[in-house]
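Protein chains in written order, with this note's numbering: chain A, 661 to 1298; chain B, 99 to 718.
Keep in mind the hints are simulated off the structure, nothing from the lab.
The reader is advised that the hints may include incorrect statements.
Claimed, not checked - Result set (BS3-like, lysine-lysine): computed pairs, CA atoms no more than 25 Å apart in a straight line:
| no. | chain 1 | residue 1 | chain 2 | residue 2 |
| --- | --- | --- | --- | --- |
| 1 | A | Lys-1290 | B | Lys-518 |
| 2 | A | Lys-758 | B | Lys-343 |
| 3 | A | Lys-1290 | B | Lys-141 |
| 4 | A | Lys-1280 | B | Lys-518 |
| 5 | A | Lys-1172 | A | Lys-1253 |
Claimed, not checked - Taking CB as the label site, the calculated pair distances span:
| no. | chain 1 | residue 1 | chain 2 | residue 2 | range |
| --- | --- | --- | --- | --- | --- |
| 6 | B | Lys-186 | A | Glu-864 | 57 to 63 Å |
| 7 | A | Asn-1100 | B | Asn-108 | 41 to 47 Å |
| 8 | B | Ser-164 | A | Glu-759 | 37 to 43 Å |
| 9 | A | Lys-934 | B | Ile-254 | 27 to 33 Å |
| 10 | A | Lys-875 | B | Lys-344 | 37 to 43 Å |
Even glycine gets a Cβ: it sits at the ideal position worked out from N, Cα and C.
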Amino acid sequence: MKRVFVVLGIVLILVGCAGTKTIKLPENITRDNFPNANAVVVFDSSVVDVQPDGKFLSREHAIIKILTMKGKAEYADQTFSYYTMYDTVRVIRARVIKEDGRIIDVPRENIKDVKIPAMSKFFLPNVRMKKITFPDVEIGDAIEYIVEDEMRAPPMENNYDAMVMFQGTDPILHQVYVLKIPMDVKWKVYNDEDGMVKYTNKNEKGKSVHIWEIKDVPGIIREPLMPAITDVAKKILISTVPSWKVWSKWYWGLCKDKFAVNDTMIAVMDSLLKGTKTKMDTIRAIYHYVADEVRYVGTTMSGKKGGYEPFPATKTFRQKYGVCRDKAALMVAMLRHLGIEAYTVLTNPAMKVEKEIPVDQFNHAIVAIKEGDWYIFSDPTVQFCKDLLAPYEQNRGVLVCTPEGEDLAYTEILPPDSNTSNVAAIFNLNGDGGFEGEINIVGKGMNDMGLRMLAKMLSPDRIKQIFEGSFQSMGSGVAIDTIIFSDPQDYTKPMNIKIKLNADEFALVQGKKMRFTSPFSGGSSVGISVGRGGGGDPFALEKRNYPLYLYSKSKSIAVERIKIPKGYRVVQIPEDYTIDSDFMTVKSTWKRKVRSIEHKTEFIMKKIEIMPEEYPSARKAMKEMQEKSKREVILEKI
Amino acid sequence: MVLFLLLSINPSQFPNASGYIHKDSTVIIQHQDGKIEKIRYLKIEILNDRGKDKLGDISERYDASSQKFVIDFAKTTLPDGSVFNPEKDAISDVSAPEVGFATIYTDMMMKAVSFPALRPGAIIEYRYRIEPKKESKHPLFGRVLFRGTEPMGEKIFTIVVPRNRPVHYSFENGEIPVSVETTETNLIYTFKKKDIPMFLEEMDMPSISKLAPAILFSQFESMDDMGEWLYEKFSPAFSSDKVIKKKVEELRGNTDEETMLNIARFVQKDVRNVSLYLWDAGYKPHKADVVLKNMYGDPRDKAVLLYSLLKAAGFEPEMILVSAPKGKYFAIVGLSSVLQSGGKVYSPAEFTDIVIKVNLKGKDYYFPVMENRSRCGYLPGRYQGEKGFVVSEKGAYVTLPVLPSEESVSRVNMTGEVDKDGNLKGEMELFLTGEFGRYARWALRDRKKREREIYMKSAISSLSRGSTVEYEFNGLENILNDVKGTVKFTAPDYCKKEGKEVTFVIPHPPFWFVDFGNPAQTFRRRYPVDIGAPGKVLYSFRVKLPENAKIEFLPDDVNVENEVGSIKKSIKRDGNDVVYNVELIVKKKIIQPEEYRSLRKLFLKYRSKNTRTVIFGDGG
């Protein structure tokens, strides 16, 4: 929620030039010199002046030179959003600096203040934006702006905290962040092993002035399946909040009056709990109710701390919609009414929450249920999840918000068995090289969630199209006859899907021989686990600059039985193999049966994250698996 | 309660639906004073959890400066009869989505209602009015679809106009029952259809706005009437002042063609796009010199600038309004309000975009003003075959051509070598024109150097892990040329080895932009397939085998020709080389469902691995 402020470097020179009609930027900022940039941030500065009550005024001054068409599309409009109950944004200066140094001021009508647009399921009329549309921007020009943000009502009074990014996806030539503050602050720089961030401080008019500065920072180029940019970029975390416990107690304070229940809710709880025997049964019943019956929609943020404090549980229950904090509060309210100690938890599933400095890095709320010395965590925002916590929410920072306050902790990393897919397939080959077959997939963890989501959120027709498309790699002309899902509403059993299919062309008929690679060798079931990432093949690069993040450990087992056609005998089957590395284990075994062959592949991914230095050996293992999985089965006509 | 049960439907009747629209009624009233009012009523039943998400929040745009949004009622009724009204904070006034990226052009608002207490079986009822604050000076015109993405029990569209301002109407994709009533002061046109099935989403289907039954209506009396109105909107914005002339001189080339293409390239590529549909920001464009100064524009503004520059340079451009919805457009249509459109009835609102056409020395050049990835002068597939209207003193309807397959060619020539261990290496030369050039620019142009490297390495690694690649592309930035490229690669352990036999599946280039994709993945087809544009894929691969290799297996040639196109494949031995040639031609842009089998036949043969597999031994 906090905007990242960039730093002022050459501003002193430019302020001096404020009255001039031309500005000349360094000439070496060219596409040739910056081939990995759509734009270059020439300088970027923020000066933040904080008051003892936590209110502050920040002024951001930036000059960005455009190098490509995409850079023009990305930077020629600048947006600054603000929440009317907390802050106000003012545009002090906006202009274009042409390549020849001419300055074009942005006309007033090009600076608009409007409500932010509807976005997906968010309708937030009290969030606004200041939008600057820079005119006459061409490649080689620069844009410049000075924008002030006045924080009139800080969410946590008498405190200040910020996460300041010192690196983005485009290079930064010079960035400065200046913090003037009357309170003591803790701070730490992250991802700066090369020591590029420089720090100085001084005192000025009763305030400490902290200055962080950096020069010549390269942009981050995304790699497939890398962690969030905020996890790997240079950044500083700054906070006056003494500890995580203070945050925990603060948020408890916002939630504690929201947990009341009413008679209607009690009646519903009574009916939900019919047949439940144990505490865990109760928790599951309440969790599935909130997750599946309350849809995700964000409307006006209300209350003194709108955007932070949830709606009262009775309201969310009545309207059957809410955002994460609303759903979490509802689940907590219901559990507490049933005598189960539960609390709201602040977390962030998308990025790492750094522990050392207590800065608000949260964007999500879940639930903690007290169990012995610790907690069971549950995320009622995630629909169609058999498990209380979504399988990808592993190793995520969690702050349980209690009256006494808690320290930041992390969710556990689960073993591979927690995320499995079991595939059992039978293929009846015919003499023309085609097959009829049946595939049965049983999922656990992410695979279970994925299958449930498919069954609930897509039409049967669409599901069939998707599977038909994805099975084309198995053989030419694959057609699906039927798909049958188990009941996605039945959370007592793992989700399974049964697919009947056929293909005209699978095996290669070579005179008297027939040859093929088995459909799941090394194979498609692995693809379910590995092929999650967008942005390309995560193992394509010879080396990586950033970790490869897999969200969870996993396991898949595929057993396929291939019935050979009459009149054929098995001449060759591939050799068994095992690959065992720090990263993964693969076992492939083949057996000849009376009129069929059986192939079993077990794949275990042992790590949740592969660091750059570990990557080459992981890649090697994947390569070895790919080579070995190419071996063919050869049949011969008798 | 009994009535509720009677109204409720059985979800199993509609297994693919998320909801059932019991009734969707829109009334447009043109008052005597010229003010236009809209009244909408919706009754929707939620059938399942999908329906809660898809249909639970209903939004409608309105212009706060000239319109007032009034909600008459909004409620959710549950199967047990209990009624829930949205609370105050469930009704949101936010900016319409397009304001996010086109703030300079529009401040359109959106009223969103989030319906409470939804569950399968719940019924939403919603009635609202958009009341005018001032009269509209424009004739009434529009287009309404009568089929959408959920099944409908009844859809009604009513137009009420003063008796002296009748409405002309016609139908697309089938007739819709209509009644016309005359009162003392008004004419009332009522279009009503019952039991309307839903569209199901299929890959590569045309926009459903092209497939759905639709009413076109307009108060324009004739084509000239509409033409004059349009010309009055655009012509004041044309300019030939000194700023325009100066720009023309900057862009002048050595020949007329060069000058024309330089001007087009400047407007298409250098003037940044504000991505709105044609009338989203009103009817009157900015003046050409203002657009030139701003260096950004929506379709109207960019068209006016391009037209003015070409005219000032001595050309005779034509401004053609076209209907070309972006993407495959599968929004929740059927709930949307009046879309604006035209046809035999003269209505400008059908058109979403503008193309400028110039005929130079007998050849037609097309410049879609918002298009910056195609070679200058090429008409991209999504405009081909579309109806258009020429904006001039005397307007006229035209149909844009469907270009022959020779205009979109993907030609890849590859040479390579396979060794006895099954390692493959090769070099490809790519030459991509028309649609394929556009695809290549989509895939590559906007990537930074390292991003492009990652992309190319990912693509090549589909051949085998451990592959390497070097490449060079020309023409990605310069839309005056087609796209060419050279790619060198190695793919270790590409082939399968069984003892002394090597199975070598000749690879197709692993880049999506050299191909049609796979539009024939499913066994059956309900709706037409939109291929993009007719085109040709020509691929040849000469690969050297190891010394003394003995070929154990070569597949038969493939030769299929049908009404949709043709596929020819051959693999021949030539000394120590194997030469593979494939020619895939698709002759049509739109393939009808009854032609789908023919399309699938071509693509199955094209994609088949078995028809490009070579097995060789070591000859020992």
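What's the verdict on Lys-1280/A and Lys-518/B, does the C-alpha distance respect the 25 Å limit or exceed it? 22 Å, holds
Agreement of Lys-1290/A and Lys-141/B with the hint, judged by alpha carbon distance not exceeding 25 Å: Between Lys-1290/A and Lys-141/B the Cα gap is close to 57 Å, so the pair fails against 25 Å, i.e. violated.
Take a quick look at whether Lys-1290/A and Lys-518/B sit within 25 Å of each other, Cα to Cα. 16 Å, holds
Please verify whether Lys-758/A and Lys-343/B have alpha carbons no more than 25 Å apart. Holds, at about 21 Å.
Would you say the C-beta atoms of Lys-934/A and Ile-254/B sit inside 27 to 33 Å of each other? 45 Å Cβ-Cβ, so the 27 to 33 Å window is violated.
Is 57 to 63 Å right for how far apart the beta carbons of Lys-186/B and Glu-864/A are? Since the Cβ atoms of Lys-186/B and Glu-864/A sit about 48 Å apart, the hinted range of 57 to 63 Å is violated.
Evaluate the given range 41 to 47 Å for the C-beta pair formed by Asn-1100/A and Asn-108/B. 30 Å, violated
Given the hint of 37 to 43 Å, is the C-beta distance from Ser-164/B to Glu-759/A inside that range or not? 41 Å, holds
So if I understand the rule, the pair passes when the alpha-carbon distance is 25 Å or less; does Lys-1172/A with Lys-1253/A pass? 21 Å, holds
The hint says 37 to 43 Å between Lys-875/A and Lys-344/B; measuring C-beta to C-beta, is that right? For Lys-875/A and Lys-344/B the Cβ distance comes to about 41 Å; the hint holds.
Going down the numbered hints, you'll see the structure goes against 3, 6, 7, 9, while the others check out.
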